[in-house]
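**Student:** Start counting the sequence shown at 1; every next residue gets the next number (the UniProt record's numbering).
It is possible that part of the hints are untrue.
Using C-beta positions, here's what the derived DEER-type ranges look like [claimed, not checked]: (1) ALA30 with LEU166: 28 to 34 Å; (2) SER156 with PHE118: 29 to 35 Å; (3) THR84 with LEU166: 47 to 53 Å; (4) ALA70 with ILE147: 41 to 47 Å; (5) THR42 with SER174: 47 to 53 Å; (6) ASP18 with GLY130: 30 to 36 Å; (7) LEU149 with MET19: 17 to 23 Å.
Below, in silico cross-link-like pairs of lysine-lysine (DSS-like), each with a Cα-Cα straight-line distance of 25 Å or less [to be verified]: (8) LYS104 with LYS135; (9) LYS135 with LYS122; (10) LYS20 with LYS122; (11) LYS122 with LYS8; (12) LYS175 with LYS122; (13) LYS135 with LYS175; (14) LYS8 with LYS135; (15) LYS20 with LYS8; (16) LYS135 with LYS20; (17) LYS173 with LYS104; (18) LYS173 with LYS135; (19) LYS122 with LYS104.
By construction, these hints were calculated from the structure, which means they are not laboratory data.
None of these values were measured; they are calculated from a predicted model.
Even for Gly, the Cβ is constructed at its ideal location relative to N, Cα and C.
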Amino acid sequence: MPNGSLAKWLHSPSCFLDMKQRLNIMIDVACALHYLHNGYSTPVVHCDLKPSNVLLDQDMIAHVSNFGIAKLLNQEDGITHTATIATFGYVAPEYGLEGLVSTKCDVYSYGIMLMEVFTRTKPNDARFNGNSSLKDLLDCISFIMEIALDCSRESSRERSNMETVLREMNNIKSKLL
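Make the full structure from the sequences, and use the hints.
**Tutor:** Quick look at the structure:
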């Protein structure tokens with residue numbers, strides 16, 4: 001594909017995606033997963049969804065690639081078992097720990113990719129140790145943005161006071177450290 005992988009665009013200092021491009025790419029990926037999960041009588045689970053497996057064509061349209069460990073699901077319960085290993089950081093807990101594969105595994109990987117696409121931070125980044133993760137970082141940012149929105153309400157009556165803001169910011173700090 002002419003524009004390479006999504007990983008290149010996320011993690012190369014010479015590449016940049018604006019917000020609309022990121023959103024369009026992730027919509028393309030969601031469409032592909034929807035088709036895999038619902039477009040056949042037997043659902044297909046990609047099992048290794050990550051930015052390096054999303055390729056971008058000349059128009060920056062995303063194409064999911066690398067179906068090397070994809071699984072066809074059991075039609076009765078929509079689950080299969082496997083010993084195949086997927087990429088750390090993107091693999092759903094039930095898949096990584098128990099080898100249980102369902103369409104929900106791709107949904108999990110998609111959620112992790114959404115976080116990565118909009119933060120340009122890999123889920124397996126070295127700064128995340130056993131005590132923190134990309135999800136923890138985004139929870140923190142989410143709480144901070146809630147405070148920011150409360151502080152910047154149009155009506156002065158609806159705005160937080162600094163005592164509340166300080167307490168909430170210190171709570172976030174204690175959770176982060």
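**Student:** If a hint holds in the structure, say so; if it doesn't, say that too.
**Tutor:** So, going through the hints one by one against the coordinates:
Between ALA30 and LEU166 the CB atoms are about 40 Å apart, so this pair departs from the stated range of 28 to 34 Å. Range check, SER156 to PHE118: about 31 Å between beta-carbon atoms, so the 29 to 35 Å window is met. THR84 and LEU166 have their C-beta atoms about 49 Å apart, which keeps the hinted 47 to 53 Å range intact. Between ALA70 and ILE147 the CB atoms are about 42 Å apart, so this pair conforms to the stated range of 41 to 47 Å.
The hinted window of 47 to 53 Å between THR42 and SER174 holds, with their beta carbons roughly 48 Å apart. In this structure the supplied range 30 to 36 Å holds for ASP18 paired with GLY130, their Cβ-Cβ distance being about 35 Å. At roughly 18 Å, the beta carbons of LEU149 and MET19 sit within the given window of 17 to 23 Å. Note on LYS104 and LYS135: the hinted pairing holds, with a Cα-Cα distance of about 17 Å set against a maximum of 25 Å.
Restraint check for LYS135 and LYS122: the C-alpha separation of about 11 Å stays at or below 25 Å, so the hint holds. Distance restraint check for LYS20 and LYS122: the Cα-Cα separation of roughly 20 Å lies within the 25 Å cut-off, and the hinted pair is therefore satisfied. Distance restraint check for LYS122 and LYS8: the Cα-Cα separation of roughly 12 Å lies within the 25 Å cut-off, and the hinted pair is therefore satisfied. Taking the CA atoms of LYS175 and LYS122, the gap is near 21 Å; set against the 25 Å cutoff, the hint holds.
Taken as a hint, the LYS135 and LYS175 pair is honoured in the structure, with Cα atoms around 13 Å apart against an allowance of 25 Å. This hinted pair checks out: LYS8 and LYS135 have alpha carbons roughly 22 Å apart, not beyond 25 Å. Annotation: proposed proximity of LYS20 to LYS8 holds, straight-line Cα distance about 17 Å (limit 25 Å). Note on LYS135 and LYS20: the hinted pairing holds, with a Cα-Cα distance of about 22 Å set against a maximum of 25 Å.
Between LYS173 and LYS104 the CA atoms are separated by roughly 32 Å; this puts the pair beyond 25 Å, and the hint is violated. At roughly 16 Å between alpha-carbon atoms, LYS173 and LYS135 fall within 25 Å of each other, so this suggested pair holds. The suggested pairing of LYS122 with LYS104 holds, with an alpha-carbon distance near 21 Å, which does not exceed 25 Å.
Checked against the numbered hints given earlier, this structure breaks hints 1 and 17; the rest are met.
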